[in-house]
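Peer 1: Taking numbering that gives the first Met the number 0 as reference, the numbering of the sequence shown is continuous, increasing by one, and the terminal residue is 189.
Treat each hint with caution, since some may be false.
Said to hold, decoys possible - List time: in silico PhoX-like cross-link candidates among lysine-lysine, alpha-carbon distance up to 25 Å:
1) 145 with 58
2) 181 with 46
3) 189 with 32
4) 181 with 136
5) 158 with 145
6) 39 with 72
7) 72 with 147
8) 147 with 51
9) 155 with 136
10) 55 with 39
11) 146 with 72
12) 147 with 130
What the hints assert, rightly or not - Just the calculated beta-carbon pair ranges, DEER-fashion:
13) 171 with 84: 28 to 34 Å
14) 89 with 43: 51 to 57 Å
15) 42 with 114: 40 to 46 Å
16) 185 with 90: 31 to 37 Å
17) 43 with 124: 36 to 42 Å
In case anyone wonders, no lab produced these hints; they're calculated from the structure.
Treat the numbers as computed from the prediction; the structure is a model and nothing was measured.
By construction, the Cβ of each residue, glycine as well, lies at the ideal position given by its N, Cα and C atoms.
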Amino acid sequence: MKKKALIILMLLISTSLFAQNKETVNIPETNSKSMEFMSKDDSFIKKEFFDKGNIKGLKCQVLILTDINNQNKIGCLKLETSCNASYGSPANTFIGILDMDEINDCIKSLEYIKDNLLSTSPSIYTEAEFKTRDNLKFGAYYNENKKKWKAYVYTKGSKSHSAEFFNSSNISSLIDVMNNAKIEIEEKIK
């Protein structure tokens, strides 16, 4: 009897330990209009992906969403980065969404970084950042040790593995992609 009780007790303890060690999956909060559109109840969504190219390690796509039930459409720019967590393992992919109405402000921010910040040499640590509703971050910071600016995009908030770093020519290419994406979205959601 003592043996059975001991086995049951050990089983309960090991089960509770296993339950405590389980990793909790956190689904990040988003206020993206496009993500909200995709997650509506009672909807049948068609997703069309149009490649806009890659800039360094950043994959850019226009995403057009159509609710088949009522023919409502919305468009956004989907940005994707990936990184290998460890040798031999599959790449982790990070996706960020830039809503149509955020593209102009993002372009202005990137132009400001390219035209006003990258040519300066501040004497103190300086950074500038544009953040979208989906927690996509575009910005630059001045590295005092290297005496140069580093421009970046984080497709998922502050997750370091979602980062891609740029030079000024990459920023110009990203601005061009965003301008073209904006035109394509406007044409496709008419």
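Peer 1: State for each hint whether it applies.
Peer 2: Results of checking the hints against the structure:
Under the criterion of a C-alpha separation no larger than 25 Å, the hint pairing residue 145 with residue 58 is inconsistent with the structure, at around 28 Å. For the given pair, residue 181 sits about 17 Å from residue 46 by alpha-carbon distance, which is consistent with the 25 Å threshold. Under the criterion of a C-alpha separation no larger than 25 Å, the hint pairing residue 189 with residue 32 is consistent with the structure, at around 17 Å. For the hint linking residue 181 to residue 136, the alpha-carbon distance of about 18 Å falls within 25 Å, and the restraint holds.
Restraint check: the Cα-Cα separation between residue 158 and residue 145 comes to about 23 Å, which is no more than 25 Å; the hinted pair holds. Between residue 39 and residue 72, the direct Cα distance comes to roughly 13 Å. Compliance with the 25 Å bound is thereby established for this hinted pair. Taken as a hint, the residue 72 and residue 147 pair is broken in the structure, with Cα atoms around 43 Å apart against an allowance of 25 Å. Taking the CA atoms of residue 147 and residue 51, the gap is about 29 Å. The hint is violated against a cut of 25 Å.
In summary, the hint linking residue 155 to residue 136 is supported, as the alpha carbons are separated by about 8 Å, within the 25 Å threshold. For the hint linking residue 55 to residue 39, the alpha-carbon distance of about 34 Å lies beyond 25 Å, and the restraint is violated. Under the criterion of a C-alpha separation no larger than 25 Å, the hint pairing residue 146 with residue 72 is inconsistent with the structure, at around 46 Å. A C-alpha spacing of about 22 Å is found between residue 147 and residue 130, which places the hinted pair at or below 25 Å, so the restraint holds.
The supplied range of 28 to 34 Å is met by residue 171 and residue 84, whose beta-carbon atoms lie about 31 Å from each other. Between residue 89 and residue 43 the C-beta distance comes to about 31 Å, which lies outside the given range of 51 to 57 Å. For residue 42 and residue 114, the hinted distance range of 40 to 46 Å is satisfied, since their beta carbons lie about 42 Å from each other. For the pair residue 185 and residue 90, the supplied restraint of 31 to 37 Å holds, since their beta-carbon distance comes to about 33 Å.
One distance hint, 36 to 42 Å for the beta-carbon pair residue 43 and residue 124, is violated here, with the actual separation near 50 Å.
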